[in-house]
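2 protein chains.
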Amino acid sequence: MMSQSTERLRRYLDDELGECRSEDVDRRLDELGALETALGSDRVGTELDVLSALANETRLTLVRALVAAGEELCVCELDAIVDVSESAISHALSTLSEAGLVEGRKDGRWKKYRATNRAVALVTVLDGSIGESGVAHTGTARPDDE
Amino acid sequence: MMSQSTERLRRYLDDELGECRSEDVDRRLDELGALETALGSDRVGTELDVLSALANETRLTLVRALVAAGEELCVCELDAIVDVSESAISHALSTLSEAGLVEGRKDGRWKKYRATNRAVALVTVLDGSIGESGVAHTGTARPDDE
DNA sequence: CCGTCGATTGAGACATCATTCAATTGTCTT
DNA sequence: AAGACAATTGAATGATGTCTCAATCGACGG
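Residue numbers (the numbering used here), protein chains in the order written: chain U, 511 to 656; chain X, 511 to 656.
In short, the hints are calculated from the structure, not lab data.
On a predicted model such as this, the values are computed, not experimentally measured, just so you know.
Hints may contain errors.
Note that the list lumps identical chains together, so a pair holds whenever it fits in one copy or between two copies.
Claimed, not checked - No more than 25 Å apart at the CA atoms, straight line, and that leaves these computed lysine to aspartate or glutamate pairs for DMTMM-like:
#1 Lys-621 with Glu-581
#2 Lys-621 with Glu-526
#3 Lys-622 with Glu-596
#4 Lys-616 with Asp-637
#5 Lys-621 with Glu-546
Build out the structure end to end from the sequences listed, making use of the hints.
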């Protein structure tokens, strides 16, 4: 049975095209399906991991600090940056590590973390994309995708 | 009173520098504080909104689709892309809109959304930053579906 | 070795979130 | 004007996530 959504899409295309044959609907469904699976679903999973890892004040602050520092920082130093328990920092670093945003190295009884290239790239773009006062006037800037 | 964390930092610097005066600790605390507040906390709030908006499968898929489409899409078309209720899509688009990632336009009784420049920038970098495993061809990614 | 300290782990409490259902708004059609 | 339909909104609920506390692991020094 044809789903309701498909029915609505048919009416929409009918509106847009002036007319609408069922093959138009099918073609459009194909195109939309292509948009959905434009890149592998495993990749989407990874991207969600990365975004979820960054979407938290504690973790974002830690990543920011490590990127800004440009060098590895000891956990005890990170402790001075965010205002949560030491345990929370450890959890946060674990999540970030799994997302490939930081890397840890043990040095004696201290442990040092540094931001990965991935983290640097994302934080950089985040700054550029957010900071420049003003969201996207729809026409002006042109991020020409090639 | 000196927090425990500060005590630990002192011991750490003692280890690293071989010696440690209390002014070294204070200086390091200053440096770390500078990292923390490297950019305004209001900005961090905005960034968290953006990241949180993207850190969800439904919303990320919608943004991806709109970016890939390169043009505005009707809600009824988006409905064919993600597998949630129409209400959920509306909620998702609302969240994305607040985060400045999509913009909506009403056209008759249909409503069309398109990705903002911010969304394009973020999705682009996300793609580039994630596909790290030996990516030589930077052009249109062509992930063979499994 | 034993005790201390840095750091991590697990469990539980608490908050936040994502989705669906039901009701509503606004537009078009007849 | 009334009904149909696209889309949004609000409330409720089940699921996730985040933090703290307590216990544990590993490395170091006496």
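Each hint, compared with the structure:
no.: 1; hint: Lys-621 with Glu-581; verdict: within (13 Å within a copy, 48 Å between copies)
no.: 2; hint: Lys-621 with Glu-526; verdict: between (61 Å within a copy, 13 Å between copies)
no.: 3; hint: Lys-622 with Glu-596; verdict: within (14 Å within a copy, 47 Å between copies)
no.: 4; hint: Lys-616 with Asp-637; verdict: neither (30 Å within a copy, 31 Å between copies)
no.: 5; hint: Lys-621 with Glu-546; verdict: between (42 Å within a copy, 20 Å between copies)
Hint compliance for this structure: hint 4 alone is broken.
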